[in-house]
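**Q** This is what each chain is made of:
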Amino acid sequence: MICWFLSVIAITFSINFINFLVNKNNTVFYAVLVLLFVFIGMEIYDIYKISEPIGAAFYYLYNHPYLVLLPLLLLATLYSILFKYIKNGFYLDDAVSKKIKEVNATDLSWMNRFGSVAPFIKNDVKLIWRNARPKQVMFMSFIFLFYGLMFYTQDVYKQMPALLAFASMFITGGFLMTFGQLVPSWDSEYYKMLMSQNIPYKTYLESKWYLMVFAVGLSFILSTPYIYFGWDIFGMIAAGALFNIGLNSFLTLFGGALNRVPIELNVKAKAFSNTNGFNPTQLLIGLPKFLLPMGLFYIPYKLINFNAGLIVLALSGVLGIVFRNYIFKKIEEVYQKGKYKTIAAYSEKN
Amino acid sequence: MITTSNLSKKYNDTTVLNIENLEIPKGQSFGLVGNNGAGKTTYFSLLLDLIQPTTGHIENNGVLVHESEDWKPFTSSFIDESFLIGYLTAEEYFYFIGELRGQNKSDVDGLLSQFADFFHDEILNKKKYLRDLSKGNQKKAGIVAALIGNPEVIILDEPFANLDPTTQIRLKQIIKDLAETKGVTVLISSHDLLHVTDVCERIVVLEKGEVVKDLATSTATLKELEAHFSGMAEV
Chain A
1 MICWFLSVIA ITFSINFINF LVNKNNTVFY AVLVLLFVFI GMEIYDIYKI SEPIGAAFYY
61 LYNHPYLVLL PLLLLATLYS ILFKYIKNGF YLDDAVSKKI KEVNATDLSW MNRFGSVAPF
121 IKNDVKLIWR NARPKQVMFM SFIFLFYGLM FYTQDVYKQM PALLAFASMF ITGGFLMTFG
181 QLVPSWDSEY YKMLMSQNIP YKTYLESKWY LMVFAVGLSF ILSTPYIYFG WDIFGMIAAG
241 ALFNIGLNSF LTLFGGALNR VPIELNVKAK AFSNTNGFNP TQLLIGLPKF LLPMGLFYIP
301 YKLINFNAGL IVLALSGVLG IVFRNYIFKK IEEVYQKGKY KTIAAYSEKN
Chain B
1 MITTSNLSKK YNDTTVLNIE NLEIPKGQSF GLVGNNGAGK TTYFSLLLDL IQPTTGHIEN
61 NGVLVHESED WKPFTSSFID ESFLIGYLTA EEYFYFIGEL RGQNKSDVDG LLSQFADFFH
121 DEILNKKKYL RDLSKGNQKK AGIVAALIGN PEVIILDEPF ANLDPTTQIR LKQIIKDLAE
181 TKGVTVLISS HDLLHVTDVC ERIVVLEKGE VVKDLATSTA TLKELEAHFS GMAEV
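Heads up: the sequence lines are chains A and B, in that order.
To convert, note that position 213 of the first sequence is 213 in our numbering; the numbers rise steadily by one, no gaps.
To convert, note that position 171 of the second sequence is 171 in our numbering; the numbers rise steadily by one, no gaps.
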């Protein structure tokens, strides 16, 4: 009995140490995350129930008291790993001395065909590629693609099409939500320069918009396997994508004007303290992003039928695209108005 | 070229800058000196419309800087490292600025080739991001980027700080050249009295936000400035 008790305590401590590692090291975090997803997935689909062998193992542990050594050994190993890890990070000059990476220059001149927005798009691609934080966001936005699996597989949600519309919007909107909501904070480190350079605000905003449109398009192509769940579902994803391009993107850019949190580009956000760049204003601006697609779909769905819901949701996006010059002008005014405040907020940290 | 009238900037109730009238003609090399907090950077920030004036205005070539953006095409500046894009190499940064200012790659290359001396082989083809360069080399890149696209007004805040002596001497030559032969209006600020008197035709001393001296540079200027600032040290 005591052995069993000791084993459980050792395992609990081990989990605690794993938590430490997860929070310090993103590789470990993603490894754990992927493992978790795989096992949960297999559990749900009855492919392989990991809980059974684990249950058996615990039972075995209970019946063979001497096996308490195993969890104790695990605990000791984790402890020594963590100890070394923390000790290594203890000296200031290691933390301060920068790792200088050699650049492998990428030729992006083929992007010049995008005209006046080309210089910015080229820059943004480099921004994402060469900095830790945006890269991380990029990865997160990829995970959004699997959002549908959570909803389409549950029978409960089949009765709640508004929620399905919401989920469908998320599938193609990952990049838009994660990257887009932090425009223009991505450029906070050199915002003063952008503001004193010969740049029309509109071109700057347009380039970000193209980037988001491209991301939505790409996610839409990648989402084609969802046809498996039926054409209704895929129609929803398509309508959601249009909504994202034509309306959500503008809402996001508009929200960015009110977001004045500087970002340190080359510093990774910790897995559990990903709060940098988030504030109540963001949340408030975020609400219509979630509620609009649900409402746009649900009201015509209730009044007429399913297809009407799809059409209205898709049309809202098309309208946004048609009137985009007007919308850009409005957003530009908001950005222009907040210019001094934004500059002041960004230079505080730099 | 640049007319400042009734300009003031207050933070809460503290006045950090108050210039009644200051006229900088085209092609002048203009130096701004003063101790920390005298208002040099504030003035330059107002000139670039990075902060809002409390009263008054600045006209740059007839354009009111806080109302229109039309001054941007002919004005360029390097204030601090926040004017650099850290994740680009120096070349990429120059080409990016070039694109913003309507210069193609070969225009930029042509300009850069004139500054091989100034770069001293420490900037180009280094395969390093700007954020990984030393402060001095970052400054060199920033200054040269400010020269791209034939600007008529160039604003440099503390251009001599962090540079090694050889580079300082080369920079002085570059600035003189711009004002004398190309008719560019150059505005610089500095703590270094010797450098400013070497380079600028005209020197304005700021003290607590006010213009206290406005001198046309002559052989006596350095002495006068030194007397002024050592006088302040005794008070």
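Check each hint, because a few of them may be wrong.
What the hints assert, rightly or not - With a cut-off of at most 25 Å between alpha-carbon atoms, the simulated PhoX-like pairs for lysine-lysine come out as follows:
(1) B:K182 with B:K105
(2) A:K339 with A:K329
(3) B:K127 with A:K268
(4) B:K10 with B:K172
(5) A:K135 with B:K127
(6) A:K341 with A:K202
(7) B:K135 with B:K182
(8) A:K329 with A:K341
(9) A:K158 with A:K337
(10) B:K10 with A:K337
(11) B:K223 with B:K172
(12) B:K105 with A:K202
(13) B:K208 with B:K223
(14) B:K128 with A:K135
(15) A:K339 with B:K10
(16) B:K105 with A:K341
(17) B:K10 with A:K268
(18) B:K127 with B:K176
(19) A:K202 with A:K339
(20) B:K26 with B:K176
(21) B:K135 with A:K268
To be verified - Chain A residues, not near chain B, derived (Cβ > 12 Å throughout):
(22) Y30
(23) V38
(24) F58
(25) S80
(26) F120
(27) Y190
(28) L194
(29) M195
(30) Y201
(31) L291
(32) I304
(33) V334
As the list claims (entries may be wrong) - In silico negatives: residues of chain B with every beta carbon more than 10 Å from chain A:
(34) N6
(35) L48
(36) Q52
(37) T55
(38) H57
(39) T75
(40) S77
Derived from the structure by calculation, the hints contain no laboratory data.
If you're wondering where the values come from, they're calculated on a predicted model, not measured in any experiment.
We put the CB at the ideal spot given by N, CA and C, even for glycine.
**Q** For each hint, tell me whether it holds in the structure or not.
**A** We went through each hint and held it up to the structure:
1. B:K182 with B:K105: Status holds; Cα separation ~22 Å.
2. A:K339 with A:K329: The hint holds at about 15 Å.
3. B:K127 with A:K268: holds (23 Å)
4. B:K10 with B:K172: Violated, at about 34 Å.
5. A:K135 with B:K127: holds (21 Å)
6. A:K341 with A:K202: holds (19 Å)
7. B:K135 with B:K182: violated (29 Å)
8. A:K329 with A:K341: Holds - the C-alpha atoms of K341 of chain A and K329 of chain A are around 20 Å apart, at most 25 Å.
9. A:K158 with A:K337: violated (45 Å)
10. B:K10 with A:K337: With a Cα-Cα distance of about 20 Å, the restraint between K10 of chain B and K337 of chain A holds, given a limit of 25 Å.
11. B:K223 with B:K172: Holds, at roughly 20 Å.
12. B:K105 with A:K202: Distance of about 24 Å is within 25 Å: holds.
13. B:K208 with B:K223: holds (22 Å)
14. B:K128 with A:K135: Given that 25 Å is the threshold and the Cα spacing comes to 19 Å, the pair holds.
15. A:K339 with B:K10: holds (18 Å)
16. B:K105 with A:K341: With Cα atoms ~35 Å apart, K105 of chain B and K341 of chain A exceed 25 Å; violated.
17. B:K10 with A:K268: violated (38 Å)
18. B:K127 with B:K176: Violated - the C-alpha atoms of K176 of chain B and K127 of chain B are around 31 Å apart, more than 25 Å.
19. A:K202 with A:K339: Distance ~14 Å between K202 of chain A and K339 of chain A Cα, so the pair holds.
20. B:K26 with B:K176: OK: K26 of chain B and K176 of chain B at ~14 Å, within 25 Å.
21. B:K135 with A:K268: Judged against 25 Å, a Cα distance of about 24 Å means the pair holds.
22. Y30: holds (23 Å)
23. V38: holds (34 Å)
24. F58: Holds: least Cβ distance 49 Å, greater than 12 Å.
25. S80: holds (35 Å)
26. F120: For F120 of chain A, whose nearest Cβ neighbour in chain B is about 9 Å away, the distance does not exceed 12 Å, so it is violated.
27. Y190: violated (5 Å)
28. L194: violated (9 Å)
29. M195: M195 of chain A not clear of chain B: closest Cβ-Cβ about 6 Å, inside 12 Å.
30. Y201: violated (9 Å)
31. L291: holds (36 Å)
32. I304: Per Cβ check, I304 of chain A is outside 12 Å of chain B; nearest 48 Å; holds.
33. V334: holds (16 Å)
34. N6: holds (19 Å)
35. L48: Since the minimum Cβ distance to chain A is about 4 Å, L48 of chain B lies within 10 Å and the statement is violated.
36. Q52: violated (5 Å)
37. T55: Non-interface label on T55 of chain B holds, nearest chain A Cβ at 15 Å vs cutoff 10 Å.
38. H57: holds (15 Å)
39. T75: About 8 Å separates T75 of chain B from the closest Cβ of chain A, which leaves it inside 10 Å; violated.
40. S77: Label violated. Min Cβ-Cβ 6 Å, cutoff 10 Å.
Violated hints for the displayed structure, listed by number in ascending order: 4, 7, 9, 16, 17, 18, 26, 27, 28, 29, 30, 35, 36, 39, 40.
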